[in-house]
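Undergrad: Please build the complete structure, drawing on both the sequences and the hints.
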Amino acid sequence: MTMTESPPANDTASAVPAPVVAGLYDALTTTDHKSIGRLWLRAGMVLLVGAVVLGVLLGFERVDSESTDLFGGDNAFFQVWALYRLGLALLVAAPLFIGIATVVVPMQVGSTNIAFPRAAHAAVWAFIIGAGITIAAVLANGGWGAVDRVSNEEREAIALSIVGLAMVVLSLLLASICIATTVVSMRVKGMTLLRVPLFAWSMLVATSVWLLTLPVLLANMLIAYVDIHNGPGSFGGDLSGDLGAYAQIAWVVEQPQVYAFAIPVLGVLGSIVPVAAGVRAARHGLSMGLIGVFGLLSVGAWAQPFFQPTNNAVVRYDEKFVFIAFGLAAILPVLGALGGAADSLVRGRGVQGVPPAHLLGALGGGLLLLAGTAAGVARVIEPFELGDRVTVAGVMSLVLFAAVASAIGAIWFWSPKVCGHELSPVAGRGAVMLVVLGGLVVGASQVINGFFETANNPLVAPTEDAGDVLNTVALVGMIVIALGAVGALATLLNAMRTGGAGTADDPWGGQTLEWSTATPPPPGNFAEPPALVTSEAPLLDVSSDEGEES
Amino acid sequence: MTATTTGLPAAEVTRPRTVLVGTMFASAASFMAFLGVVLVYISERAQARTDGAEWFADGAVELGPAGFVFATLILSIFTVQWAVQAINAGDRTNALVALVLSGLFGAAVFNQLWFIINDSGFALSGSNSEFMFFLVLGTFVVFMIAAVGFVTLTFLRAVIGQFGPRKADAVAAAAFYWNTVVAMYAIAWYVIFVTK
Chain C
15 MTMTESPPAN DTASAVPAPV VAGLYDALTT TDHKSIGRLW LRAGMVLLVG AVVLGVLLGF
75 ERVDSESTDL FGGDNAFFQV WALYRLGLAL LVAAPLFIGI ATVVVPMQVG STNIAFPRAA
135 HAAVWAFIIG AGITIAAVLA NGGWGAVDRV SNEEREAIAL SIVGLAMVVL SLLLASICIA
195 TTVVSMRVKG MTLLRVPLFA WSMLVATSVW LLTLPVLLAN MLIAYVDIHN GPGSFGGDLS
255 GDLGAYAQIA WVVEQPQVYA FAIPVLGVLG SIVPVAAGVR AARHGLSMGL IGVFGLLSVG
315 AWAQPFFQPT NNAVVRYDEK FVFIAFGLAA ILPVLGALGG AADSLVRGRG VQGVPPAHLL
375 GALGGGLLLL AGTAAGVARV IEPFELGDRV TVAGVMSLVL FAAVASAIGA IWFWSPKVCG
435 HELSPVAGRG AVMLVVLGGL VVGASQVING FFETANNPLV APTEDAGDVL NTVALVGMIV
495 IALGAVGALA TLLNAMRTGG AGTADDPWGG QTLEWSTATP PPPGNFAEPP ALVTSEAPLL
555 DVSSDEGEES
Chain R
283 MTATTTGLPA AEVTRPRTVL VGTMFASAAS FMAFLGVVLV YISERAQART DGAEWFADGA
343 VELGPAGFVF ATLILSIFTV QWAVQAINAG DRTNALVALV LSGLFGAAVF NQLWFIINDS
403 GFALSGSNSE FMFFLVLGTF VVFMIAAVGF VTLTFLRAVI GQFGPRKADA VAAAAFYWNT
463 VVAMYAIAWY VIFVTK
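As they're listed, the protein sequences go chains C and R. For the first sequence, the residue numbers in the numbering used here are 15 to 564. For the second sequence, the residue numbers in the numbering used here are 283 to 478.
No lab work stands behind these hints, which were simulated from the structure alone. A hint or two may mislead.
[Unchecked claim] If the Cβ cut is set under 8 Å, some of the chain C residues that face chain R in the computed set are:
| no. | residue |
| --- | --- |
| 1 | A129 |
| 2 | F130 |
| 3 | L187 |
| 4 | A194 |
| 5 | V198 |
| 6 | S199 |
| 7 | L225 |
| 8 | L226 |
| 9 | L232 |
| 10 | N234 |
| 11 | I237 |
| 12 | N244 |
| 13 | G245 |
| 14 | S248 |
| 15 | Q322 |
Computed from a prediction, not measured in an experiment: that's the story for all the values here. Built from N, CA and C at the ideal position, the CB exists for glycine as well.
TA: Shown next, in the form of structure tokens:
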């Protein structure tokens, strides 16, 4: 009699999977891309909640700035305001998409792991430490400048916040290299670049744009940092009343650069909608082209005051033809991508009953991005003179909350691969709807507020009553977003911690290789080598081949 | 139920030139960071000249020593490419000699730059022009240190026999990064020392 028994059949659809999070040891030592991606997602979601809570507090201050002083002075208010803006892009939107991509992209291209897994692991911890330093420095009255004179301790805190943000940017760049290299050089045989799934393609475009533009932000911060310590004080180091380094780095959250953080929104749209509609997306190449064009139009490192001599004889960068042309053209690829999504929905089986959270997130993110680029068009039309007004912040809010809504939709879509099971559809729908609705309210109220001559500088009070009303509307919108963000965070953390009910490997009828893996995916992702890829939707090819054989 | 893809022939997962591709992305990012500093230099200089101010005092920045740095770096391009060619041909001895020479050229560049900086008599907290002079050259030195470190690491791995004709990616990657840093100096040389 043999002492070895055959293992029980592994029916993944009915088994209750164990929690996918294996504790601190795993978090500190893992080189599995899925664990690394989950670290990014947890950090990004926690920071999202932190950012929107700051947004709510800033909103209260702006509504009644004369009698409210939540932050203890103008310097602190300005510094927290700058942290909220930079944080929404660099601590929330980019990390969320990097997290999703770190989990999903290697599986989408048929790879067993991400390129340079140890570097990817180092990147996420550098990000967490850098974000901690940044936030701690701002709490110690640091930031990226000051509006009043500062003490020596505050000067050091300001320098420290530059170091923290530089660490964050370096970690984003390192993670970008890992993701871009995975797409370029670790694709399974048969998957040419033109057959790469749209989300992976959008991440290649996004990370390429980040790799070409965020180093310029690093250069700006290097100059400001050295100037604070030893320089002549002409490059952001003079902290005696101007906005300091923030004036030099604000371009990263203004158009066109802010669009770069929303490039994956188009990839999420192109990946989720055809699956939800149950059809093969038409004109895959055209969709890739639209994402590429949007990426090109989001390169904005050149649109900054550091490259702008201050003398009056020179035309301001935001009055130049290129800036205006970028602003006008950016809406076109977004319209094209939404048109493609509408085409898929019309050709497909349509949406039966209540739309799933991932479809709401994909479409909501796309529509918010459309609103953001439309507001960007208004921003560059010169007769409106919106360049120094809060409309600039409106564009940022619409675009970055589009990214957040889209990322939440993507997390829900790929949750079987991210968390090992499907996340609550009710919680997902609620979170996505609240973020989309709140993002629209915040962004639209800021865009309209600009037409009432309300300044972008938060320390300048609105000149008209309508400005105060719209600030209140923006505050309500921010509270709505906060509710959605807290709901999404609680659901995600709980799901990662406790595991959940068994989920089919491919609950949606997916079209790309990640859906051919088990749920949760095993180490190495694929139990057997993926099939030779012959199109951009390899699982549809398999279904049609099997249909023909039967 | 796992969606099966066995209806089609299995494809092998390939990892062609991963290190080289990653290095290309890192090189592009490094180059943009350097360009970011240089463009601020150009912008400030344009501002000063429009205002009628002097950017550098006559004789403070000389072309001669900077030209020697450039010549050294051009020589180093040949040595790193020699290393790539040798490793591809399976000639480890030549590859090691070429990598050592490249590293030595790098050390010579640090020495020459130290002379240029001392010779200028500039101070970081001096004028905008002096500040930007230090920033551009300092940023270049950071990337040069990274390039020398990359070549040294490649050399050490080559010594223990990790590379050969079928695995020459890392040497090609180190050479690519080195050439990118040389291109950075070419820009700095033209902007600071030629057009002053």
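Undergrad: Is the hint on S248(C) kept, meaning its closest Cβ partner in chain R is under 8 Å away?
TA: For S248(C), the interface hint holds, since the closest Cβ of chain R sits about 5 Å away, which is under 8 Å.
Undergrad: Return the status of the interface hint for A129(C): holds when the least beta-carbon distance to chain R is below 8 Å, violated otherwise.
TA: holds, 5 Å
Undergrad: Tell me if N244(C) is really an interface residue toward chain R, meaning its C-beta lies closer than 8 Å to one of theirs.
TA: holds, 5 Å
Undergrad: Answer holds if the nearest beta-carbon of chain R is closer than 8 Å to that of L225(C); otherwise answer violated.
TA: Holds, because the Cβ-Cβ distance from L225(C) to chain R comes to roughly 5 Å (cut-off 8 Å).
Undergrad: Could you check if L187(C) really has its C-beta closer than 8 Å to a C-beta on chain R?
TA: At 6 Å from the nearest chain R Cβ, L187(C) passes the 8 Å test, so the hint holds.
Undergrad: With a cut-off of 8 Å, does the beta carbon of S199(C) approach a beta carbon of chain R closely enough for the hint to hold?
TA: Constraint on S199(C) satisfied, holds at 4 Å.
Undergrad: For the hint on I237(C), does the least C-beta distance to chain R fall short of 8 Å?
TA: holds, 6 Å
Undergrad: Can you verify the interface hint for G245(C): is its Cβ closer than 8 Å to any Cβ in chain R?
TA: holds, 5 Å
Undergrad: Interface hint check: V198(C), Cβ to nearest Cβ on chain R, cutoff 8 Å. Holds or violated?
TA: holds, 5 Å
Undergrad: Holds or violated: is there a CB of chain R closer than 8 Å to the CB of L226(C)?
TA: Hint holds; L226(C) Cβ to chain R Cβ min 5 Å, cut 8 Å.
Undergrad: Tell me if A194(C) is really an interface residue toward chain R, meaning its C-beta lies closer than 8 Å to one of theirs.
TA: holds, 5 Å
Undergrad: Return the status of the interface hint for N234(C): holds when the least beta-carbon distance to chain R is below 8 Å, violated otherwise.
TA: holds, 7 Å
Violated hints: none; the structure is consistent with every hint.
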